[in-house]
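Sequence lines, in order, name chains A and B.
If you count by this note's numbering, then the first sequence holds residues 343 to 497, one letter each, in order.
If you count by this note's numbering, then the second sequence holds residues 719 to 859, one letter each, in order.
All clues given are correct.
Residues on chain B that point at chain A, a partial pick, calculated with CB under 8 Å: (1) Leu-733; (2) Phe-737; (3) Thr-758; (4) Asp-759; (5) Cys-839.
Interface residues of chain A toward chain B, partial, derived using beta-carbon atoms under 8 Å: (6) Met-357; (7) Leu-361; (8) His-369.
Source of the hints: derived by calculation from the structure; they are not laboratory data.
Idealized CB from N, CA, C, for every residue including glycine.
Residue-level listing of the chains:
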Amino acid sequence: MKQDGVADILAMAFMFVLLILGAVLMHAYSLRPLRAATDRQLELKCEHIYEALETAWVEPYTVSFLRAAAENLALEHPTVPGPYLRSAVENALGYLSPPDYEISATLTFDGGTLTFNENMRPPSKQFVRSGAVSITRAGGENVVVQVVVRLFSFS
Amino acid sequence: MTLTQILKMLVACILVITFVLVTASAYRQHHTISALAKLTDAASAIVTRLAVDELAYVDETGDKYSYVLDPDKLENLTFKREVGGENFEFQVSLGYQGSENRTFGPAPPENKTNCSLIVACSLWLNDRLQLAKFGVIAWYA
Numbered sequence: 343m344k345q346d347g348v349a350d351i352l353a354m355a356f357m358f359v360l361l362i363l364g365a366v367l368m369h370a371y372s373l374r375p376l377r378a379a380t381d382r383q384l385e386l387k388c389e390h391i392y393e394a395l396e397t398a399w400v401e402p403y404t405v406s407f408l409r410a411a412a413e414n415l416a417l418e419h420p421t422v423p424g425p426y427l428r429s430a431v432e433n434a435l436g437y438l439s440p441p442d443y444e445i446s447a448t449l450t451f452d453g454g455t456l457t458f459n460e461n462m463r464p465p466s467k468q469f470v471r472s473g474a475v476s477i478t479r480a481g482g483e484n485v486v487v488q489v490v491v492r493l494f495s496f497s
Numbered sequence: 719m720t721l722t723q724i725l726k727m728l729v730a731c732i733l734v735i736t737f738v739l740v741t742a743s744a745y746r747q748h749h750t751i752s753a754l755a756k757l758t759d760a761a762s763a764i765v766t767r768l769a770v771d772e773l774a775y776v777d778e779t780g781d782k783y784s785y786v787l788d789p790d791k792l793e794n795l796t797f798k799r800e801v802g803g804e805n806f807e808f809q810v811s812l813g814y815q816g817s818e819n820r821t822f823g824p825a826p827p828e829n830k831t832n833c834s835l836i837v838a839c840s841l842w843l844n845d846r847l848q849l850a851k852f853g854v855i856a857w858y859a
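Could you put together the complete structure from these sequences and hints?
Next comes the structure, spelled out in structure tokens:
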């Protein structure tokens with residue numbers, strides 16, 4: 343009789359544990375759509391950062407940030423001098439970067455690489471937008487510089 | 719009825735009540751999270767629609783430049799949108815380096831949850847393409 347009582351109480355305790363575990367799982371799972379929507383917003387931010395760098399001009403020149411950087415990689419005499427461009431791009435990336443995030447841009451052409459805001463800390467997440475900039479060299483030769491813009495999250 | 723039976727009955731009742739409460743709480747949380755996710759996606763949709771189409775700069779030849787905003791178009795903007803069958807209101811902010819943020823549209827109500835999204839863009843201003851930040855605060859209408 344006593345053994346039956348203990349077995350019943352053990353079964354109820356086990357059901358309680360299952361109930362608590364189920365509740366924790368249900369609550370954790372229900373946050374997934376919000377996390378996914380936030381990630382989609384960060385993808386959108388990364389896309390906008392790329393487009394803004396592709397269209398906005400480097401002050402006081404009339405050439406965009408990405409085109410100026412691509413010229414620095416592919417041309418002998420680029421429109422914007424290298425040291426000035428680095429300062430302007432890093433300043434722009436700092437301005438566009440949301441709090442707790444960092445932006446880095448990498449351009450590659452013919453074995454050469456130009457990186458702005460090289461990230462040293464390991465991020466918890468990163469969002470990537472890649473594209474290309476076409477440059478016409480002296481003599482009419484068209485070359486394509488690959489661009490990768492990354493948005494790093496550290497939260 | 720012995721004391722053990724009464725205790726067992728009591729524990730069983732507590733178990734059932736806890737189960738009902740947990741299920742109700744999970745349902746409420748799921749409902750709230752779905753509404754927040756929908757609001758977040760609505761803010762993204764509004765930003766995209768404005769940056770790519772409604773506020774995009776159009777030059778003299780009629781070519782439209784997505785992601786390049788024309789600040790003059792903000793004056794005639796309506797601040798209500800329907801996204802996914804739901805109505806949303808929003809406020810817009812625009813700022814560029816060296817300037818203060820300007821806001822357009824109604825202020826977000828204090829008693830409603832809102833979603834804020836700030837993205838990078840270019841601004842056609844003084845015959846130059848300037849780097850800027852474009853923000854939207856959206857809420858359920």
